[in-house]
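These protein sequences, in sequence, are chains A and B. Each residue of the first sequence is one higher than the last, beginning at 1 in our numbering. Each residue of the second sequence is one higher than the last, beginning at 1 in our numbering.
Please note: incorrect hints may appear among the correct ones.
[To be verified] Which residues of chain A face chain B? A few of them, derived with a C-beta cut under 7 angstroms, are: (1) E99; (2) D102; (3) A167; (4) Y199; (5) A221; (6) R270.
Note that these hints are calculated values from the structure, not bench results. Note that the coordinates shown come from a computational prediction; the quantities given were computed from them, not determined experimentally. Note that CB positions come from ideal geometry on N, CA and C, so glycine has one too.
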Amino acid sequence: MSAFVRIALACLALSLSPWVLAQQVAPAPASSTGGMDMSSMPGMDHPHDAETDMSAVDHGRHGMDAMPHTRMQGGAAPPDARSADDSDGTGDGAMPGMEMRDAEPLGMLRFDQLEAFDGLHADGTAWEMEGWYGTDTDKLRLRSEGQRDGGRFDDSDAEALWSHAVAAYWDTELGVRSDFGSGPARQWLAFGVQGLAPYWFELAATAYAGQGGRTAARLRADYELRITQRWILQPEWEVNLYGRDDPQRRLGSGLSDASFGLRLRYEIRRQFAPYLGVVWTQRFGGTATFARDGGGTAFDRRLVAGLRFWF
Amino acid sequence: MDTRDPHDARLSRRRFVQGLMLGGAAAGLGMRAGVTMAQSDAVAPRELRGTRFDLAIGELPVDFTGRRRLATAVNGQLPAPLLRWREGDTVTLRVTNRLRVPSSIHWHGILLPAGMDGVPGISFPGIAPGETFTYRFPLRQSGTYWYHSHSGFQEQTGLYGPIVIEPARGERFPAERDYVVMLSDWTDEDPLAVYAHLKQQGDYYNYAEPTAPEFLRDVRTQGLRRALAERRMWQRMRMSPADLADVGGATYTYLMNGRTPVDNWEGLFKRGEKVRLRFINGSAMTLFDVRIPGLKMTVVAADGQDVEPVSVDEFRIAVAETYDVIVEPSDDRAWTVFAQAIDRSGYARGTLAPRAGMDAPVPAMDARPVLSMGDMMGAMGGGSMARHARPEYRNPGVDMRVDTPRSNLDDPGIGLRGNGRRALAYADLHTIGGALDAREPGREIELHLTGNMQRYMWSFDGVKFSDAKPLHFRAGERLRLVLVNDTMMNHPIHLHGMWSELENADGGFQVRKHTIDVQPAQRVAYGVTANALGRWAYHCHMLYHMEAGMMREVVVS
Numbered sequence: 001m002s003a004f005v006r007i008a009l010a011c012l013a014l015s016l017s018p019w020v021l022a023q024q025v026a027p028a029p030a031s032s033t034g035g036m037d038m039s040s041m042p043g044m045d046h047p048h049d050a051e052t053d054m055s056a057v058d059h060g061r062h063g064m065d066a067m068p069h070t071r072m073q074g075g076a077a078p079p080d081a082r083s084a085d086d087s088d089g090t091g092d093g094a095m096p097g098m099e100m101r102d103a104e105p106l107g108m109l110r111f112d113q114l115e116a117f118d119g120l121h122a123d124g125t126a127w128e129m130e131g132w133y134g135t136d137t138d139k140l141r142l143r144s145e146g147q148r149d150g151g152r153f154d155d156s157d158a159e160a161l162w163s164h165a166v167a168a169y170w171d172t173e174l175g176v177r178s179d180f181g182s183g184p185a186r187q188w189l190a191f192g193v194q195g196l197a198p199y200w201f202e203l204a205a206t207a208y209a210g211q212g213g214r215t216a217a218r219l220r221a222d223y224e225l226r227i228t229q230r231w232i233l234q235p236e237w238e239v240n241l242y243g244r245d246d247p248q249r250r251l252g253s254g255l256s257d258a259s260f261g262l263r264l265r266y267e268i269r270r271q272f273a274p275y276l277g278v279v280w281t282q283r284f285g286g287t288a289t290f291a292r293d294g295g296g297t298a299f300d301r302r303l304v305a306g307l308r309f310w311f
Numbered sequence: 001m002d003t004r005d006p007h008d009a010r011l012s013r014r015r016f017v018q019g020l021m022l023g024g025a026a027a028g029l030g031m032r033a034g035v036t037m038a039q040s041d042a043v044a045p046r047e048l049r050g051t052r053f054d055l056a057i058g059e060l061p062v063d064f065t066g067r068r069r070l071a072t073a074v075n076g077q078l079p080a081p082l083l084r085w086r087e088g089d090t091v092t093l094r095v096t097n098r099l100r101v102p103s104s105i106h107w108h109g110i111l112l113p114a115g116m117d118g119v120p121g122i123s124f125p126g127i128a129p130g131e132t133f134t135y136r137f138p139l140r141q142s143g144t145y146w147y148h149s150h151s152g153f154q155e156q157t158g159l160y161g162p163i164v165i166e167p168a169r170g171e172r173f174p175a176e177r178d179y180v181v182m183l184s185d186w187t188d189e190d191p192l193a194v195y196a197h198l199k200q201q202g203d204y205y206n207y208a209e210p211t212a213p214e215f216l217r218d219v220r221t222q223g224l225r226r227a228l229a230e231r232r233m234w235q236r237m238r239m240s241p242a243d244l245a246d247v248g249g250a251t252y253t254y255l256m257n258g259r260t261p262v263d264n265w266e267g268l269f270k271r272g273e274k275v276r277l278r279f280i281n282g283s284a285m286t287l288f289d290v291r292i293p294g295l296k297m298t299v300v301a302a303d304g305q306d307v308e309p310v311s312v313d314e315f316r317i318a319v320a321e322t323y324d325v326i327v328e329p330s331d332d333r334a335w336t337v338f339a340q341a342i343d344r345s346g347y348a349r350g351t352l353a354p355r356a357g358m359d360a361p362v363p364a365m366d367a368r369p370v371l372s373m374g375d376m377m378g379a380m381g382g383g384s385m386a387r388h389a390r391p392e393y394r395n396p397g398v399d400m401r402v403d404t405p406r407s408n409l410d411d412p413g414i415g416l417r418g419n420g421r422r423a424l425a426y427a428d429l430h431t432i433g434g435a436l437d438a439r440e441p442g443r444e445i446e447l448h449l450t451g452n453m454q455r456y457m458w459s460f461d462g463v464k465f466s467d468a469k470p471l472h473f474r475a476g477e478r479l480r481l482v483l484v485n486d487t488m489m490n491h492p493i494h495l496h497g498m499w500s501e502l503e504n505a506d507g508g509f510q511v512r513k514h515t516i517d518v519q520p521a522q523r524v525a526y527g528v529t530a531n532a533l534g535r536w537a538y539h540c541h542m543l544y545h546m547e548a549g550m551m552r553e554v555v556v557s
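Looking at chain A on its own, in the form it has when it is part of the complex (with noise of 0.2 angstroms):
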């Protein structure tokens, strides 16, 4: 079992070494070549056009450095952008027969786990889907997780929302989530953001109101790091915050739960893929008395054995 989370351990930190490095690596280094592979590009043969020539440029510091400074993405429009109308007023055909799908609505349903789980105190079995239906700049988003053990659900919440699209890799997301499971059942207004940060990490920060001003955050980020093609680890964390205690729900206020999975899986196809992979948790606070006054403790480590599968 040491053996075993050494090396989860060991994948993680390679899976956060790009980012942690890359941090410390600037400025990029001064090595002329870079890495870069430009000199069989057409043109090196013509060092006096400035259009082609490439050596020009020193290409491991100039072309790493040239980023910060020029925003290749996002952004306001410059005061002298152009006008994406050259229309002169003319109208389009309206004719009939017409079938692009470029504002087509589409969906998708993904399992990302669906799993059973053996814990330091309990075993069952745990969810987390996700499904979207609409456009590219706007869906209805469905989130559901959570775990039964016992035959009964426990700690679990489905969430729907709707999905606009802001920027390139960003959505906003605003909708309710609803508790069930162990106690009685809360509801919640949820607003937040969810897309993909600069190195790949999936992000979602989400924040709750429910009644009798009850308030909740959750954050979420995720990593796929490829082993190969088909192998893929993918690292997990989850951090839960409450606003106040809720004992019918066994949650205290301030940090509630952080948890960090690492599933390594099989892509047979994209679309399904089995897994194993270990999930720690820790409760805190408030949540953790909670836990080791029924009987739990604040702390579990559960193996997991799952399928992610989409549609």
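Given the structure of chain A, go ahead and fit chain B onto it with the hints provided.
Only chain B this time, still in chain A's reference frame:
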């Protein structure tokens, strides 16, 4: 660096073998007994000539991979019959739609009245199920062209065929043999599922993404700092240096004249003969790199237009382009016609041989290339500044902008640079006779090719087709279109109804084409004479890019 997954290599081989056993498009055709794949007379697509044609669009059972599928075909053929026309004739084509859905045929690269162009929603309402539409137009040009459906994804499922228009005054570069070599990509999947997969996961078909062990290997061989530096920008930009093709060998089987690589299309010649090969890329999504190992190819025409002959070992043919080459096989042996996909995920292959049944060694595919920083940033140090459009900013559909695009036409493209072979570049092409209209353009329209690979959104200037107003060309004017590719993919851009006359970096005339491939981070400019009144389509010929919105309507009035 060859990063192909062994699983996929196995899959491809299995596919090819099954394609051999099951006989490709001929299976289930209902063709006359005796016309089988094994016979050389069935190798050339069946040809129709004259001035009056009856074409029927219908479903056709096919089996390229061991799975039976329904293709969309013309007169029961995939590719559709070769139409052989004569310059100066007026052709009449009665096209009957026997499908259960609307259909259409567009005559790619042909100058004709707008109502005959065959684009549903722009030129005409399409051809309803059971109906016949009569196309009629005079032929004011000669050369190699093709035709295909402009309805939904029918082009992906097989509705494409070659056109050869014989010049009124005879061929400028005569040859003893003349073969059409039509390249295409076939998928067993429903094309709508392919499109949905791309929307769900942009790299769904890419099995060559960078892996962690490759990073560790680079750290070992190059040192940590350099290995990190190489990945840093890509990682920060959320871009992939492996983003060469959206759809590849993970689902595609590549075809030459409707035949899989093991099914081996065959063209016969007699020793010493000049053989003209009319290459047409009728793919939905695949750029091919074509060569005939051991033979020099003399390129004599591009997109149907004669060019000053140029001798090459290899050329890239983007989707919808055509190139005519002449080869002179001098030995009594077979030669492989090899067309590898740009992402090296598979290839189409055929054989030139003095006798039926011969074949020649099939070369290994080249290592899969990796995009360079130049493919992302353009000229970096210098170059002209691009003029971005307002909607390119703060737009979920735009993941990248290139400020200083490169405008070199002497680059054959990624994967063909410095490979030891003489590869064709646009700078090598010179249309004989120069520009059709020598006027200096009076007006310039700049358009940017934009997209978001994660969301699989594609557009011009950040505006998808369904949100865009038409482009207006004033009747009779000579104008300059400037395209800047703000993405890391090639986009073959096709203007219907009028020629696109590519300019070199100094503004001089280079080559006349109907489809101009714009490389990543490249700027090209071309002259257009707005002499064809009406409404025309203008779009990226990558089928899924077009369907996702990389299209405009052009109004000439």
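A quick look at each hint next to the structure:
Annotation: E99/A was flagged as interfacial toward chain B, and the flag holds, the nearest CB pair being 6 angstroms apart, inside 7 angstroms. Interface hint at D102/A: satisfied, since its Cβ lies 4 angstroms from the closest Cβ of chain B, which is below the 7 angstroms cut-off. Checking A167/A against chain B by beta carbon gives a least distance of about 6 angstroms; that is within 7 angstroms, so the hint holds. Taken as an interface hint, Y199/A checks out: its beta carbon lies about 5 angstroms from the nearest beta carbon of chain B, inside 7 angstroms.
Because the closest C-beta pair between A221/A and chain B is about 15 angstroms apart, greater than 7 angstroms, the hint is violated. At a threshold of 7 angstroms, the smallest CB-CB gap from R270/A to chain B is about 6 angstroms, leaving the interface hint in force.
Hint 5 from the list above is the single one not met by this structure.
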